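Colleague: Protein sequence lines correspond, in order, to chains F and Y.
With the working numbering, the residue at position 33 of the first sequence is 33, and numbering never jumps.
With the working numbering, the residue at position 7 of the second sequence is 7, and numbering never jumps.
Just so you know, the hints here were simulated from the structure itself, not pulled from any lab data.
If you're wondering where the values come from, they're calculated on a predicted model, not measured in any experiment.
Ideal Cβ placement from N, Cα and C applies to all residues, glycine included.
Do not rely on the hints blindly, as some may be mistaken.
Derived BS3-like pairs (lysine-lysine); straight-line CA-CA distance at most 25 Å [unchecked claim]:
1) Y:Lys155 - Y:Lys247
2) Y:Lys171 - F:Lys156
3) F:Lys77 - Y:Lys338
4) Y:Lys247 - F:Lys147
5) Y:Lys155 - F:Lys156
6) F:Lys349 - Y:Lys155
Far from chain F, by Cβ distances over 12 Å, these chain Y residues were calculated [what the hints assert, rightly or not]:
7) Ala39
8) Tyr49
9) Val76
10) Glu90
11) Asp118
12) Asp156
13) Asn166
14) Pro167
15) Gln168
16) Val194
17) Gly196
Ranges between beta-carbon positions, derived for each pair [stated by the list, open to error]:
18) F:Ala158 - Y:Lys155: 26 to 32 Å
19) F:Leu565 - Y:Ala157: 40 to 46 Å
20) Y:Glu242 - F:Asn535: 29 to 35 Å
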Amino acid sequence: MSGQKSGRIEVTRGAGGGSGGQVVAYLWVAALLAILGFLVIYPVLTLLLGALTDTNPVVEGLSLSHLSITNFLVVLKNPNVAEALFNTLIACAGGTLIAVAIGLLFSWIVVRTNTPFKGFIAAASILPLFAPPLVAGVAWSILGSPKTGLLNTLFKWAGLDWHVDFYSLWGLVFVFGIYYAPYVYMFTSSALRNMDPSLEEAAEISGASAFSTLFTVTFPLIMPAIVSGMLLSFIVMLGIYGVPAVLGAPANINVLTTYIFKLTNWSPPLYNTAAAVAIILMVVTGLLVFLQQKVVSGRSYTTVAGKAFRPRSLDLGGWRWFTFALAMVYLLVVVVLPMLALIVAAFRKFMFIRDAASLFDMRQYSLMHFNSIFDNPLTMRSIYNAVEVGIITAIVGGMLAFAIGYTIHRTRLPGRRTIDVISTVPIAIPGLVIGVAYLWAWIGIPAGLYGTIWILALAFIARFMPDTVKALSTSFLQIHRELEEAAWVCGKGMLGTIGTIVLPLARPGVIASMTLLFVLSIRELGSSLFLYTSNTMVMSVLLLDYYEGGNVGKTAAFSLVQTLLLGVLIGGANWLAKSAAQGNIAQRIR
Amino acid sequence: MYGKFVALAGAASLGLGLMLGGTPSQAEENFGPPELIAAAKAEGKMVLYTANYAEVEQDVIKEFNKRFPEIKVEMVRAPGGQLITRVRTEAAAGKLIADIVDHSDRALMLPLADLFQDYAPPNAADYDPASLVSPKFWPRATVVWSIAYNTELVKDAPKTWKDLTNPQYDKLIGQVFAQSGGTTWTRIMFERQVLGEDYWSKQAATHPILYPSGAPMSDALVRGEIGLGPLLYNAVYPKQKEGAPVKMVFPPEGVPANPYATGVPKTAAHPNAAKLYLNWCLSKEGQTFMIREQGNLTSLKVAPVYPEGFDPKVVKVWYPNFDQYVKLHGDWVADWDKIYGYRQ
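The whole structure should be built from the sequences, with the hints applied where relevant.
Modeller: Spelled out as structure tokens, the structure:
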């Protein structure tokens, strides 16, 4: 262990060679800190100020004269906030457990077994990522409403005495779990793929069963990936509004995000109280991040070394059809059923379904909702804007995340810990509140950021920086420093080493992160709500408009359009990557 | 003169309008002086901030464009609270993009009156002064409450507000919570002042399901998640027109109505286009469209037409006293929350 530690210090790059290199290094750190200051620190400070006053910092000016902790006291004394916090923790913890179980199971099935149609299962495993939370919520309310749910209608038709109620905390846990499993899957599958199987072979030669090898060797070895995926899925759930808004509201179940949304939506709106609630959410998340750092730090998890290997595949025999069946059940629950629900809602004139016979009555179906959404000029504009913002966010955000991730994990530059901490902060702020913070912070900038597509892109870059940096860090952590050292010994400079060694090896991670960033920014709703203007309307905001406009048909139709578009774009990127002989993006996400 | 004008306009919109497939033809209507119209056309566009539902507003814009196709109306739609924050923040930063701000809560708009310029439509005198809280704000839309029910689920239809306290509708009723905005506040004020101090507790005893706004509630009604409840007529009417299994009644105890507050900011980059749009919306042609196609009422002293099922001889429209509307809000909403068990 001590040898490993000293080896680590030895191979970590210093702050450059001569004094010229040092100046460049300092300038580099200063530049990163300046970017982070603008993207993170400044908006967070305006948010804190908002939580400590009862004024709008832009309207009343930045004044420190009326600071008080009244908002916090009000919030902390309110038993409903405590209840919302409790519900949030139950929903997210339960959801995370399910997500880890599913994510880990499928990464093992896809990477380590001879289950048939693995490529197909791999693609299916990440599909839920494309579904915006609001869409998932709407789909599951159509399926699982205690009164009108299609599942209940079908159970009745089949003469089964079953009944589901998704308007409950357990419904929330279930939907969270199945939709956020891909986060765990993405991290663990790439870790499993890149893991040298010799350690597992050693365990088996020593007499360990396949099962105990899995739990004593394999899973502990990919622990950083499991913890990262777990943490990320938990935190993403913490910030989700769409699912609890649709499933929790009818049963009056509040979580922190829906509570915050209520505060901003009331008449008059209570942003300062919302900011105070958001700070509570930030504290919870901060604790989790700290926990993750504790778990991951102090151990070596390098599993990619300079030695060639092939991931081994376990022969499951007849059981491989069982694992295949599991995959099919997951696919059915997470993709097929919700899609069918959306298709029914999008093509059906009205969602009043008396019984199963009425469900199959074709006279009830038409293109009415599609005609209506494409009749609205905002539809096409929002699609165009969303794609533009998504591309800018993916490219700029991906580059920034690479720069930050490399600086944190591959250098010994002073200030890299600070960079690490600052770049993690946005993860703790719910989208709705970060939107207000960005509006407050950036509207006054003279260059005229407000009203352009860039304010949205910058907000997304900042908001998803932790996700992207964390996703990339897993790739960095896995690349053994001996590879960099080799390039270095061969006379390559830092940039040369990055270009010839790190980038190519981390490329699956980089492409996966950029794709993730693209998908996340197309789906992002909370922070867009305050930053869009008439010219920069994006799809997610228009989708909320359709939902709030009270038309499940149009909401479903537009959801299908959005899902299709994401599918086509990701497929297109995939095809481009393939034709450039760089492999398949879906595979790289795996 | 006035009566003749109304008769002409009415005949034109009822007769000709129907014949021409819903396009009212009212050559007599004054949408503003020729200079304004020319300047508006030269501006070519305007930005509308509204708390109204996007789809509903899109239809108004489309209708406006039938008469003035040269003017492109861009829309930002946000729920009331968010819209006010956006307006205040943008204005403070000197970046208010809106050429028109259209809001359902007059009490929230009033403190912002200084941001707005003087404006009055050509038919200003035709408007009921009770609906105006500031000479700068106009009731572009006036929305009205009704009881809506799902005809497949509720065979014994409700007729009065009192029926919504009937135990036979236990767990079947939906409600929009009091805190949601100006229109709902108007309704609950009406309930307490007109239907009695104990109306809320009797109504709450039927275990209503609470919704954040009328739109998701109207959708829940169509789907059958709830069977009935108070809903803005204009939130259900378009669905009924499309054939959804819903019906609305205007109860005899009275129907609360809420006029919007709409104005043109001093900083408007397209003030002429904005004024022309408002002139049109506030004109008989515009109001008639919103009444007939969208189920609104109007704050015009003499309504050109009424929504389907609305008999002015029977139905009493109830407007809140604006002073009380402002003063009672905090305490009464808190009471409502307590009675309905709505957790804050």
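Colleague: Now, for every hint given, state plainly whether the structure supports it.
Modeller: Status of each hint after checking the structure:
Proposed proximity of Lys155 (chain Y) and Lys247 (chain Y) is supported: the alpha carbons are some 11 Å apart, at most 25 Å. Only pairs whose Cα atoms come within 25 Å are accepted, and Lys171 (chain Y) paired with Lys156 (chain F) is accepted, the gap being roughly 21 Å. Distance hint between Lys77 (chain F) and Lys338 (chain Y) is fulfilled; the C-alpha atoms sit about 17 Å from each other, no more than 25 Å. For the proposed pair Lys247 (chain Y) and Lys147 (chain F), the alpha carbon gap of about 20 Å is at most 25 Å, so the pair holds.
The hinted pair formed by Lys155 (chain Y) and Lys156 (chain F) meets the criterion: a straight-line CA distance of about 23 Å does not exceed 25 Å. Using a Cα cut-off of 25 Å, the hinted pair Lys349 (chain F) and Lys155 (chain Y) holds, with the two alpha carbons roughly 22 Å apart. Distance check for Ala39 (chain Y) against chain F: the nearest CB is about 21 Å away, which clears 12 Å, and the non-interface claim stands. Not every CB of chain F lies more than 12 Å from the CB of Tyr49 (chain Y), the least distance being 8 Å, so the non-interface label is violated.
The non-interface label for Val76 (chain Y) is inconsistent with chain F: the shortest C-beta to C-beta separation is roughly 5 Å, within 12 Å. For Glu90 (chain Y), the requirement that its beta carbon stay farther than 12 Å from each beta carbon of chain F is not met, with the minimum near 7 Å. Its beta-carbon lying about 23 Å from the closest one in chain F, Asp118 (chain Y) satisfies the requirement of being farther than 12 Å from that chain. At roughly 18 Å from the closest C-beta of chain F, the C-beta of Asp156 (chain Y) stays outside 12 Å, upholding its exclusion from the interface.
Against the 12 Å criterion, Asn166 (chain Y) stays outside the reach of chain F, whose nearest CB is about 20 Å from its own CB. The claim that Pro167 (chain Y) lies off the interface holds: its Cβ sits roughly 19 Å from the closest Cβ of chain F, which is beyond the 12 Å cut-off. Annotated as non-interface, Gln168 (chain Y) keeps its C-beta farther than 12 Å from every C-beta of chain F; the closest such distance is 17 Å. With a cut of 12 Å on Cβ distances, Val194 (chain Y) stays outside the contact zone with chain F, its closest approach being about 22 Å.
For Gly196 (chain Y), the requirement that its beta carbon stay farther than 12 Å from each beta carbon of chain F is met, with the minimum near 25 Å. At about 28 Å, the beta-carbon gap between Ala158 (chain F) and Lys155 (chain Y) stays in the expected band of 26 to 32 Å. A C-beta distance of roughly 44 Å is found between Leu565 (chain F) and Ala157 (chain Y), which places it inside the suggested range of 40 to 46 Å. Distance hint for Glu242 (chain Y) and Asn535 (chain F): a CB-CB separation of about 31 Å, consistent with the stated range 29 to 35 Å.
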